[in-house]
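Novice: Residues per chain are reported as follows:
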Amino acid sequence: MTDGEPVLRLEKLQKYFEEVSLKDRILGRESEPVKAVDEVTLDLRENESIGVIGESGCGKTTLLRTLMGLYQPTGGEMYYNGKPTSEFSKSEWQEYRRNVQIIFQDPFNSLDPKFTVRDTLREPLQVHGLDNHEERIHDVLNEVQLNPPEQYIDRFPKQLSGGEKQRVSIARALILEPNVILADEPVSMLDVSTQASILTLLSDLMEDRGLSMFYISHDLSTVSYICDEINVMYLGRVVERAPTKKVLKDPKHPYSKALIDAIPVPDPHYDRDRTKIEGAALDPVDMGSGCRFRDRCPERMDICEKKPRFVDVDGESIASCHLYYDHESADAAADVDEKRLAEAGATGAEAADQVGDD
Amino acid sequence: MSESEPILELDDVTIQYRTSGGMLTAVSDASFTIGQGEYFGLVGESGCGKSTIAKTLIGALDDNGIIESGTIRYKGEEIQGYTEADFNEELRWKEISMIPQGSMNNLDPIEKISDQAIEIAQVHTDMTKAEALERFEELFEVVGIQKSRINDYPHQFSGGMEQRAIIALALFLNPSLIIADEPTTALDVIMQDQVFKYLDEIREEGDVSMVLITHDISLVFESCDDIAIMHSGQVAETGDIGTIYDNPRHPYSFMLQGAFPDHRYPDRDLEVIEGHPPENMGEVNRCTFVDRCPYAVEECSESAPKLEQYEESETDHRVACFRSEDAYEEHQRSMPDSDTAEVQGDD
Chain A
4 MTDGEPVLRL EKLQKYFEEV SLKDRILGRE SEPVKAVDEV TLDLRENESI GVIGESGCGK
64 TTLLRTLMGL YQPTGGEMYY NGKPTSEFSK SEWQEYRRNV QIIFQDPFNS LDPKFTVRDT
124 LREPLQVHGL DNHEERIHDV LNEVQLNPPE QYIDRFPKQL SGGEKQRVSI ARALILEPNV
184 ILADEPVSML DVSTQASILT LLSDLMEDRG LSMFYISHDL STVSYICDEI NVMYLGRVVE
244 RAPTKKVLKD PKHPYSKALI DAIPVPDPHY DRDRTKIEGA ALDPVDMGSG CRFRDRCPER
304 MDICEKKPRF VDVDGESIAS CHLYYDHESA DAAADVDEKR LAEAGATGAE AADQVGDD
Chain B
4 MSESEPILEL DDVTIQYRTS GGMLTAVSDA SFTIGQGEYF GLVGESGCGK STIAKTLIGA
64 LDDNGIIESG TIRYKGEEIQ GYTEADFNEE LRWKEISMIP QGSMNNLDPI EKISDQAIEI
124 AQVHTDMTKA EALERFEELF EVVGIQKSRI NDYPHQFSGG MEQRAIIALA LFLNPSLIIA
184 DEPTTALDVI MQDQVFKYLD EIREEGDVSM VLITHDISLV FESCDDIAIM HSGQVAETGD
244 IGTIYDNPRH PYSFMLQGAF PDHRYPDRDL EVIEGHPPEN MGEVNRCTFV DRCPYAVEEC
304 SESAPKLEQY EESETDHRVA CFRSEDAYEE HQRSMPDSDT AEVQGDD
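Order-wise, the sequence lines are chains A and B.
Residues 4 to 361 (my numbering) are what the first sequence spells out, left to right.
Residues 4 to 350 (my numbering) are what the second sequence spells out, left to right.
Extracted from the complex, chain A is given alone in its bound form:
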């Protein structure tokens, strides 16, 4: 907690989806919820960028939407600058939405085809009642390297290339001068030749503006250009957390290993073995409390039926796996998140009070 209060903090955040089918209702059965996000604890500090990595269906998009305020969490709490979002008033939500901006995955569909670049960038300014529109629009276009702005400002999306469109959506996120950016796979739809320039732009912007970034992706080979820290997510839970390069070089959780080993390598002289993992991830419904990767895990043991603790493996990597702790010794097996929450409990509550007083 020495680096100050995190900008965003998630404490055991849960988002369950409950779908009661007609059949269940007639038979009076309780339905099992889909545990899309199951007790995720995360801190995002100032000028830090953390990544959430996982395959489709792992809950990363649900997590992002919950962070945007599009979904109500069904459990746990989310703090912005120390204040729980569940206690936000309408004006606080408005302020939150100004300060926390999103860059979408698909620049081809996330821009209004009937809006010029100017219209796209003016809309958020109008919504949030800011003035000096032209000046702000010019400045932000310069910042995302759409130079000279005059050349781009009156264009429609169809007159822009994929990379240029993504620059416009980055400009749209920046124009309200946010302090947190939520990035939803911002380069996955782009050609490789433009991917690198967008990644460089994002990391430069973070540095210049002191932004914090929450970056979700399924692509582990590009995250290292943006993220300091990676959280590997599997079926709603974070299974490993470590500095990005550490995860890539020395993954600890069997799922992280499988994920990294499956990335194709652009080198014909490198002999990579094909994955040994069978099958596909199921929906996170009715899975019991044990490790969610157990059915596909090559290291499966009997104890995997129990929920693994999130333990410090080697001082750098934290993993939620029974392989990495001595189950007899309570000390070695301390759950990192639980411990942190206990420590942060007092200070977190105080900070919340202070913000409330302002």
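Note that these hints are calculated values from the structure, not bench results.
Only true hints are included.
Selected chain A positions facing chain B (in silico; Cβ < 10 Å):
1) 222
2) 226
3) 264
Residues of chain B clear of chain A, computed beta-carbon distances all greater than 10 Å:
4) 185
5) 298
6) 301
Please read all numbers here as calculations on a predicted model, not as lab measurements.
All C-beta atoms in this analysis are idealised placements derived from N, C-alpha and C, irrespective of residue type, glycine included.
Following the hints, position chain B against chain A.
Specialist: Relative to the frame of chain A, chain B by itself:
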């Protein structure tokens, strides 16, 4: 490349689309050869013409598309003039089959997969229903799905399994050539790897050739023998993967490789190729990479470079660039910490 007769040869093929703005040239003077039993990767960015070539090979070019010039020979026979009926009778499924993009809507959602297989068999062969089902069951085992599941509906499969079921369909009538158009783009990495595991196994058998069309050069480097790199309708460079990796001589080809992230070297700077591919209207008489190429000279905009054997290479390695040698040297000089230095540093 194998000495045997090539299965597919493209010779100076130009394909155009009629648009309201005139004739749009999607593929211009493209040439490459695929040997028997060979896996061939066709790589390039969106709009480079790779999917147009795929569609042309199975006679599924859009209505406004025409093969303007050039020849396409399949097993020695020219097919560029084939009609819809010719394609159906002679080629589709039993000679050339296709694995389309790995999206979830390639199978009919309201028909059992087995029924879809039977339909294909009845249209293209004399197989009986029982024979067809037996053959299809065998193939499900080849691609790692329980044979009892041939009677499932597509929605009962996960994305990776559905793509494997499509591979089973593609292999169904024993084709000699499979066109795989971004077969795993919609899949997660682990499933992608599962799919390629089966494509590797099919390759071991050695009877089928494949054209793997993808934007992901790593997949080609891992799974193919030869490669052609395309930029905006033109084949920039073609050869075996070892040569193209070790000695690329077209600026687009070495810059594209430099733009590819490799998770083994997370600190490596990625190369950026400025600009975007042009839209080529009418006849293309220049290098289509000229506007993006840092090594371009006047000559490059005056005529289209021919795809010619690179003399230093002992293998079949063809490059379409006026400045290949100079450009390569300049590029090497501009990269002080080359790959090799990093590999050593990493160890």
